[in-house]
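Colleague: All chains, please: the whole structure from these sequences, using the hints.
Okay, here's what each chain looks like letter by letter:
2 protein chains.
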Amino acid sequence: MKKVFACLILITSFQVFGQTDSILVRKIFNEALSNGKSYENLEYLCKKIGGRLSGSPQSLAAVEYTKKLMESLKLDTVYLQPVMVPQWIRGKKEIARVLKSRKHGALNLRICALGNTIGTGEPGITAEVIEVKSIAELAQLGKEKINGKIVFFNRPLDPTKINTFQAYSGAVDQRSSGPSEAAKYGAIAVIVRSMTTRLDIYPHTGGARYLANVPKIPAVAVATIDAEMLSGLLKTEPDLKIFLKTSSEMLQDVLSYNVIGEIRGTEKPDEIIVVGGHLDSWDQGEGAHDDGAGCVQSIEVLRIIKSLGIKPKRTIRAVMFMNEENGLRGGTKYAEIAQNKKEVHIAGIESDAGGFSPRGFGIDGSDEKIAKITSWKSLLAPYGVYDIARGGGGADIGPLKSQGTTLIGLLPDSQRYFDYHHTSIDTFEQVNKRELELGGAAMTALAILISEKGL
Amino acid sequence: MKKVFACLILITSFQVFGQTDSILVRKIFNEALSNGKSYENLEYLCKKIGGRLSGSPQSLAAVEYTKKLMESLKLDTVYLQPVMVPQWIRGKKEIARVLKSRKHGALNLRICALGNTIGTGEPGITAEVIEVKSIAELAQLGKEKINGKIVFFNRPLDPTKINTFQAYSGAVDQRSSGPSEAAKYGAIAVIVRSMTTRLDIYPHTGGARYLANVPKIPAVAVATIDAEMLSGLLKTEPDLKIFLKTSSEMLQDVLSYNVIGEIRGTEKPDEIIVVGGHLDSWDQGEGAHDDGAGCVQSIEVLRIIKSLGIKPKRTIRAVMFMNEENGLRGGTKYAEIAQNKKEVHIAGIESDAGGFSPRGFGIDGSDEKIAKITSWKSLLAPYGVYDIARGGGGADIGPLKSQGTTLIGLLPDSQRYFDYHHTSIDTFEQVNKRELELGGAAMTALAILISEKGL
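For the protein sequence lines, the chains are A and B, in the order given.
Count the first sequence with the numbering used here and you get residues 104 to 558, in order.
Count the second sequence with the numbering used here and you get residues 104 to 558, in order.
Keep in mind that a hint or two might mislead.
Have a look at the derived ranges for each label pair, beta carbon to beta carbon [what the hints assert, rightly or not]: (1) A:Gly494 to B:Asn133: 20 to 30 Å; (2) B:Gly245 to A:Ala484: 41 to 51 Å; (3) B:Thr180 to A:Ala484: 39 to 49 Å.
Rather than coming from a laboratory, the hints here were simulated on the basis of the structure.
In this text the structure is predicted, and so the values were computed from the model without any measurement.
Note that CB positions come from ideal geometry on N, CA and C, so glycine has one too.
Modeller: If you want it as structure tokens, here you go:
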């Protein structure tokens, strides 16, 4: 093996911070780990309220609960921001049955309807199935081979991606765009392999987006183990048929709310730093990692600040955004109102990647802002938060981008996220107390650094 | 707040590696994540064999199983290394009952005997309890207050330590030395708060060490929730009594084995790099994180090397050490034989901190060796393995230190380790496939870098 070696001297300039900075960060982590409330708040959100799909009674109970939680912190303001949200309902337990396969006889697949999709109607539908690995493959097959059939998207997540969100991004087009793309070629329904790195028995739901001017067709996610089995069956029995019955539907928009609480800045109250997560979740589990964690961590940021008696120079505001999962109406409304009020948001920090050990922050902002945040790395690295990198943000804070806000996403360890994502097992039990607390502390530390030093 | 800022220019020299190095590391991780076998091997070890206390039938089944596993890899050598090990048995389910407290009446505490301890005898013992927070406090109280009583060690792990192993180190003297230290003052038994960062219902066992010339007294661990309750009761009822009954005992030493497999180096076969974990575990759970994970990862190192067709320059040897938990006889014997054979171990890499996402390696070695390994950081950091630091190694490879071996410990994320450590819930279900695989890949990458570049 011939090896090329080169030598490079990197001159890296680190700001070495005064003791006060590192002591302050230490105090924040100590408070989170010794007196943290995020874990018990998450337990309430998951166990007493549960899944919180936009427009559901649970989502309104979550609005009420988080508002009261923030009121108990004696913040400068706590208020609700009304926003109309779509109201999609899953309806009865979905059925997908392979009819009389030669290998197994009739058998049921573990499925669930994708968010925002229509149902099959009461009689259900029965059709042959055609398996594809990509949207591109639809065009190769053409209308002749797809018309009247159920399209089965079965491209797995790439296991070699170290960050599982990259694996997810590389496969999720099948779920979000697959239904309408298949409908263009006459498909009558879509079955999508669940978006998870594991082989498991849980169908992972998630949003699908219908294109205008294309017929809306029913679409479901199938558990990965069942996807493997179905794929195997289709190899020997390409003519097998599936009976599919779902009763999901989109109802009228209804009124809901973003929940907002803030600590006003002492020197520059008009410069706002938002910390947030989304309060809605899918209906199947308890919305623990997605995104109860982000909500209770954001409230924890304010609790820690109050508890340590910190008077931040700039305003720090926690927002529980509504409707990230199937509409993003909360995030969109929040940015619209901020624009109308001419509020200045210097940074948004979102936690929407699970309540796991924090490893860093991903930043969507100018080189200058990224360099400034990176200069604080030595303050955060002792807590395992070492990965400050370009790229990130969060769906809910995304609409603030056009206002020049630097968007920052908390980056937790990603390995376990898609084990639970959008399933019935995204429950409180899957969240580790210390991991959740470390994430909230990391957000607090960064929010305070931005508040005290500007951005 | 007055802040002191200083500016420092750090000149850091990085070796920039040839493509071949980074491609090789990439291949190792791809193989682990795409075709990994460590997870299914761990399932067998946990579910078909289970807890594997030294000397137990299960420990011998594990010897047999891992030997066969390595034989199936077509290594250059696979063999057993005989070693006599202590055989401690827990006996019947332990009982600790608070007798007629005024608050609750009689109630049972969730306890388990500490490893290596003697039992109470069939009648059990009944005595008053005195709570202490430290061994030092025993001397302050003196014989007068301790004699004839059960000493209750109740100092919690410090939650503010970011690395939970530091919190463990700061509390574990109560478990390992507490029994003999209390016996010096006439205590007749010891109850120790479980060594975990959580409040939970599981007693966490672990080894105690009796001092020579001090009476041996029974000692148990109590679940942290029950420790809190007992402490509360003692505040209002300092005279309450506890009935304690355990039947653990130390039997005669028995024959067991270290299990060894190796791929011989092509250029410097006499320079050995050991990768290892310990095959024995406590009896309560399945020894999944502690340390089935380290064993299957070490075997995975060899499997990946074979599977990729790598012919390492130096010898890479996997060792499943026996008896780490209650004697360290396997590690001691291994080093003794290495010494006798005049084998040269240039490095030992141990995985005994759980099958969680790898974050780095801790090194016990010279500045020069640490600098050399640190120079490879840019090859490992893309996989989340960024924390190359002084300090570490592992219990089993520890005895090689006097032979000049550089000792290296895999550092996984530590947040969840003490949730499961030494309990009935250290089971296969608590291990995440990808996290386990990433750890094995990180070990492989480092072993190969040392093999190809020397140390």
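Colleague: Could you run down the list of hints and mark each one as holding or not?
Modeller: Results of checking the hints against the structure:
1. Taken as a hint, the range 20 to 30 Å holds for the pair Gly494 of chain A and Asn133 of chain B, whose Cβ atoms sit roughly 22 Å apart.
2. Separation of Gly245 of chain B from Ala484 of chain A is about 46 Å and conforms to the stated range, judged on CB atoms against 41 to 51 Å.
3. About 42 Å separates the C-beta atoms of Thr180 of chain B and Ala484 of chain A, a value consistent with the hinted range of 39 to 49 Å.
Checked against the numbered hints listed earlier, the structure breaks none of them; every hint is satisfied.
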